[in-house]
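If you read the protein sequences in the order shown, they are chains R and H.
Residue 159 in the working numbering is what sits at position 159 of the first sequence, and the numbering runs on without skipping anything.
Residue 207 in the working numbering is what sits at position 207 of the second sequence, and the numbering runs on without skipping anything.
Everything labelled a hint here was simulated from the structure, so no lab data went into it.
Bear in mind that the values here come from a model prediction, so they are computed numbers and not experimental data.
Where hints are given, some of them may not hold.
[Said to hold, decoys possible] Calculated lysine-lysine pairs in the DSS-like style (CA-CA distance at most 27 angstroms, straight line):
| no. | chain 1 | residue 1 | chain 2 | residue 2 |
| --- | --- | --- | --- | --- |
| 1 | R | Lys-134 | H | Lys-39 |
| 2 | R | Lys-96 | H | Lys-180 |
| 3 | R | Lys-105 | H | Lys-39 |
| 4 | R | Lys-54 | H | Lys-31 |
| 5 | H | Lys-180 | H | Lys-205 |
| 6 | R | Lys-96 | H | Lys-39 |
| 7 | R | Lys-96 | H | Lys-151 |
| 8 | H | Lys-249 | H | Lys-205 |
| 9 | R | Lys-134 | H | Lys-40 |
| 10 | R | Lys-105 | H | Lys-40 |
| 11 | R | Lys-62 | R | Lys-105 |
| 12 | R | Lys-167 | R | Lys-54 |
| 13 | H | Lys-40 | R | Lys-96 |
| 14 | R | Lys-180 | R | Lys-62 |
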Amino acid sequence: MPKSTHTMQNPTLLDGQKFQITLQRLCRQLIENHNDFSESVLIGIQPRGIYLAKRIAEELRKILPGKTILQGDLDITFYRDDFRRRESQLVPNQTKIDFIIEGKKVVMMDDVLWTGRTIRAAMDALQAFGRPEKIELLTLVDRRYSRHIPVSADYVGIEVDSIASQKVVVSWKETDGEDKIVLLSDVK
Amino acid sequence: MAGLSTRHLLGIKDLNPADIQLIFETADNFKTVLNRPIKKVPSLRDVTIANIFFENSTRTRLSFELAERRLSADTINFAASSSSVSKGETLIDTVNNILAMKVDMVVMRHPYAGAGIFLSKHVKAQIVNAGDGAHEHPTQALLDAFSIREKLGDVAGKKVVIVGDILHSRVALSNILCLKHLGAEVMVCGPTTLIPKYIGSLGVKVEHNLVKALNWCDVANMLRIQLERQDIKYFPSLREYTMLYGLNKQILDSLDKEIIVMHPGPINRGVEITSDVADSKQSIILDQVENGVAIRMAALFLLAGQNP
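Next comes chain R alone, as it looks inside the complex (with noise of 0.2 angstroms):
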């Protein structure tokens, strides 16, 4: 797996034909364990894991064409620890679950896993639809060695090594204009 090993101000981590490449990898790990998703559904973590799940949703209807696969998008807002610990307002995102999960496997989705505290939230938050049979987690960028809670990813597509006045930025063609992975310093 590619590492992040520049020094430039603000490194682009993975962009191009390499990403298309990490997304190819990631639904053919999906596939070796979900087979054709009749038991399983994605779920993308608002605000910016929703365009993962579905570009992950999209390539894995490319591949198995002719199977449902089914993905929402998850918004944790309710359910995060730092409400009114924070300066800035919270405000909620849409969360659109149009099928069951009771008795599925959900692949939850995020851009970056960070301090692992959105995907607690996240965990929560999926409790008021039902009980999944398995929950798994799938990361674009994981954040090593920065963890507040013990959580980890099943299937990760890049690691990076970071401290914490940086931020790892994922852009999305569909929103942003291109797929591109950056690492930002001294963000305040």
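Chain R is already provided as a structure; the job is to place chain H on it using the hints.
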């Protein structure tokens, strides 16, 4: 993203259009929460809310309490009739005693206009006005406008007539302010004695003929005659009021378009609205009640989210 521009919810007067939009968008999300198998979120688990009602209420108190519980807040309830208020305790003392038990927010209904504003200046907690005299009832206006938006897609450009006892109605004032903020056209309709003299300064039309008003509007909000607030006789008899301003099926069917009928409750069936209208498919009275919980969850969530 920016939050609400105010620390308390005392009236629509203190809100700007962006605040109202934010409350609506948040309420949209809570409405989906209310349709899940588990209708509860943990957001306000470290918040304690006191519901202080110095005046009777069924809908509003239950709606607030349900909203608070759906947000996982701890709640305490207080009704003036069974309290030390009858022993002569002042409002500030009553509330400060409640706050001494570590309460973060106060939802208050009070028979005097401005009670919430007064309290917000003297105590630490965040205040939510659940109706103050004939002044404001902000969450009712928000849920009314939210229900119109849900039914018609938008509030802007819609024509809304508020019929009945405008003079004694906090629902009327809050509704007028809220609907004007959102770009609706507003008309009030009722007997001359129940229309405040300077209501025109709020930018609303005045009409004394019910059929003309209904022909003009897209939405009719029928208010209850508040006999308990009327110190003198404002009209000869309820029967005459009903003949002139009561909405019945014949009038509704005679209009050349299907209007939406609203009522903030409690309904006096057969007075301002007949049963066949209240229960007709044009009535969204029960949708208003349903939306009330989502709107109150949104308001409480946004207020509580401000850094304490």
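Hint check results:
no., hint, result
1, R:Lys-134 / H:Lys-39, "22 angstroms, holds"
2, R:Lys-96 / H:Lys-180, "32 angstroms, violated"
3, R:Lys-105 / H:Lys-39, "22 angstroms, holds"
4, R:Lys-54 / H:Lys-31, "24 angstroms, holds"
5, H:Lys-180 / H:Lys-205, "12 angstroms, holds"
6, R:Lys-96 / H:Lys-39, "15 angstroms, holds"
7, R:Lys-96 / H:Lys-151, "21 angstroms, holds"
8, H:Lys-249 / H:Lys-205, "25 angstroms, holds"
9, R:Lys-134 / H:Lys-40, "22 angstroms, holds"
10, R:Lys-105 / H:Lys-40, "23 angstroms, holds"
11, R:Lys-62 / R:Lys-105, "21 angstroms, holds"
12, R:Lys-167 / R:Lys-54, "23 angstroms, holds"
13, H:Lys-40 / R:Lys-96, "17 angstroms, holds"
14, R:Lys-180 / R:Lys-62, "22 angstroms, holds"
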